[in-house]
Each structure stands twice: as structure tokens, then as C-alpha cells.
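Please put together the full structure from these sequences, using the hints given.
Just so you know, the sequences run in chain order X and W.
Residues in the first sequence are numbered from 4 upward in steps of one, following my numbering.
Residues in the second sequence are numbered from -17 upward in steps of one, following my numbering.
Hints listed in this document are in silico derivations from the structure and should not be mistaken for laboratory results.
Treat the hints with care, since some could be wrong.
To be verified - Label pairs and their calculated CB-CB ranges:
{"#": "1", "chain 1": "X", "residue 1": "K20", "chain 2": "W", "residue 2": "N53", "range": "45 to 55 Å"}
{"#": "2", "chain 1": "W", "residue 1": "T93", "chain 2": "X", "residue 2": "Q6", "range": "22 to 32 Å"}
{"#": "3", "chain 1": "X", "residue 1": "T43", "chain 2": "W", "residue 2": "S9", "range": "21 to 31 Å"}
{"#": "4", "chain 1": "X", "residue 1": "R64", "chain 2": "W", "residue 2": "P52", "range": "33 to 43 Å"}
{"#": "5", "chain 1": "X", "residue 1": "L14", "chain 2": "W", "residue 2": "L49", "range": "34 to 44 Å"}
{"#": "6", "chain 1": "X", "residue 1": "E57", "chain 2": "W", "residue 2": "P44", "range": "32 to 42 Å"}
{"#": "7", "chain 1": "W", "residue 1": "R39", "chain 2": "X", "residue 2": "F55", "range": "42 to 52 Å"}
{"#": "8", "chain 1": "W", "residue 1": "A20", "chain 2": "X", "residue 2": "S31", "range": "20 to 30 Å"}
{"#": "9", "chain 1": "W", "residue 1": "Q23", "chain 2": "X", "residue 2": "I15", "range": "31 to 41 Å"}
{"#": "10", "chain 1": "W", "residue 1": "R(-3)", "chain 2": "X", "residue 2": "K20", "range": "25 to 35 Å"}
All C-beta atoms in this analysis are idealised placements derived from N, C-alpha and C, irrespective of residue type, glycine included.
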Amino acid sequence: KNQVEQSPQSLIILEGKNCTLQCNYTVSPFSNLRWYKQDTGRGPVSLTIMTFSENTKSNGRYTATLDADTKQSSLHITASQLSDSASYICVVFTGANNLFFGTGTRLTVIP
Amino acid sequence: ETGVTQSPTHLIKTRGQQVTLRCSSQSGHNTVSWYQQALGQGPQFIFQYYREEENGRGNFPPRFSGLQFPNYSSELNVNALELDDSALYLCASSLGTREDTQYFGPGTRLTVL
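Structural data, given as C-alpha cells:
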């Protein structure tokens, strides 16, 4: 069964601290994996796209990793800011219009 | 800003009514996908349109229907609304159907009473 599981479900960290969000998937075949940031009541915004051959990709303070062998990905946020408070969604694409969403990790950054 | 716009922002309907949601794609994008996102859940794929033709559909009943126009803007129509249809409806546009970044709109919050 094609599934995308994210952990933790929610996370609270102090401003300035780092955190890592996890995504495990059983989706096959695999085309690419994307991390999105979604503010409450808003549409998701793409952070990174990773294909099978990519292990690490950075976008500012966001760094995503991918291990295609173990079917795991992580999103590391460095020096968190209050504006990082949002849901982070991992999405796995099989190609064409087949995609599978995780339920997200709700991150809250507190001062 | 992604360049994808949706209207209306919020909408309240009653059970049994019909609703039309609209999406304007990012300039140059010929593909639009619609998603339903219930509170606290990840988005669920409804369907995708590519160059005005339906190009795939998720596990949604026929009362969910769509259109894509020559300018690649799109509509999502839902008939016979049910309480469980209350959700954030997202559209995402992209250039092509594969390997392309989808740009999401801000969503339409539909409440069915």
C-alpha cells in the first residue's frame, strides 16, 4: 500500500533552535519527493524537490535529505524563526498525476 | 506569491446545494490539479486537467466535477453538498503533468452547514 508517514505529528521548539522532521514512504514507483510548508489556512509552498539520485538539497535554512534505499527523507530547519511556525508536508510523486501526501508535521516556534 | 489565485476565499453553503470554486493558473501553466484538505489532514487529490482534458482522478464521487478553459483557468464544481465536504480546496498549476513543480493557490475554505 502506498503510504507516506511523517513524524513527529507536532513539534514545539524555541526560536533559534534547530529541528529535524521525518518522512517515511512506501510509495512505488518513485519519481520525486517534495517538502512543502503550509501556513494555517493557506496553500502549500514548495521548499525542495528531490529526485532518486539526490541525497541532499538546501533552500536557505531548510535542508532536505533523501535515502532512496531506506525510503526515508528528512527536513532540517536551522536557526528557527517564529515565521517557521507552520505545517510541513512531505509529498511523494510516482510520476504523472500520482502523488501521495503525508499528514504533515505541525511546527510551532516559540520566543 | 505563486501567481495562482483562487476565488472565493471563504464560502458557506448548506447541505444539498451546489458550489463552484475557481482557480486562475500561473501564467504559462497548462495543467491544474485540485485537492481537498480536511482540517488537520494532508491534501487529497481530486482530479487533474491538462490542456482542457481530465488527466486523472482520485477517489471522489461523480458529484465532484471540473472544467479547464482555453486560458487554462479552472473550475471545481460540487453538487449535492454534504457536511463532510467542508474543507480547504486547493488548486495547483504546473507546466506539464510530470516532474514539474506544482504551484499551489491560497485555497478556498468551504463550510457546509
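Hints versus structure:
Take K20 (chain X) and N53 (chain W): their Cβ atoms lie about 46 Å apart, and the range 45 to 55 Å holds. About 29 Å separates the C-beta atoms of T93 (chain W) and Q6 (chain X), a value consistent with the hinted range of 22 to 32 Å. Range check, T43 (chain X) to S9 (chain W): about 28 Å between beta-carbon atoms, so the 21 to 31 Å window is met. The hinted window of 33 to 43 Å between R64 (chain X) and P52 (chain W) holds, with their beta carbons roughly 41 Å apart.
For L14 (chain X) and L49 (chain W), the Cβ-Cβ distance of about 40 Å falls inside the hinted range of 34 to 44 Å, so the restraint holds. Here the CB-CB span from E57 (chain X) to P44 (chain W) is close to 39 Å, well matched to the stated 32 to 42 Å. The hinted window of 42 to 52 Å between R39 (chain W) and F55 (chain X) is violated, with their beta carbons roughly 27 Å apart. A hinted range of 20 to 30 Å for the beta carbons of A20 (chain W) and S31 (chain X) is consistent with their spacing of about 26 Å.
Checked against the given bound of 31 to 41 Å, the beta carbons of Q23 (chain W) and I15 (chain X), roughly 21 Å apart, lie outside it. Between R(-3) (chain W) and K20 (chain X) the C-beta distance comes to about 46 Å, which lies outside the given range of 25 to 35 Å.
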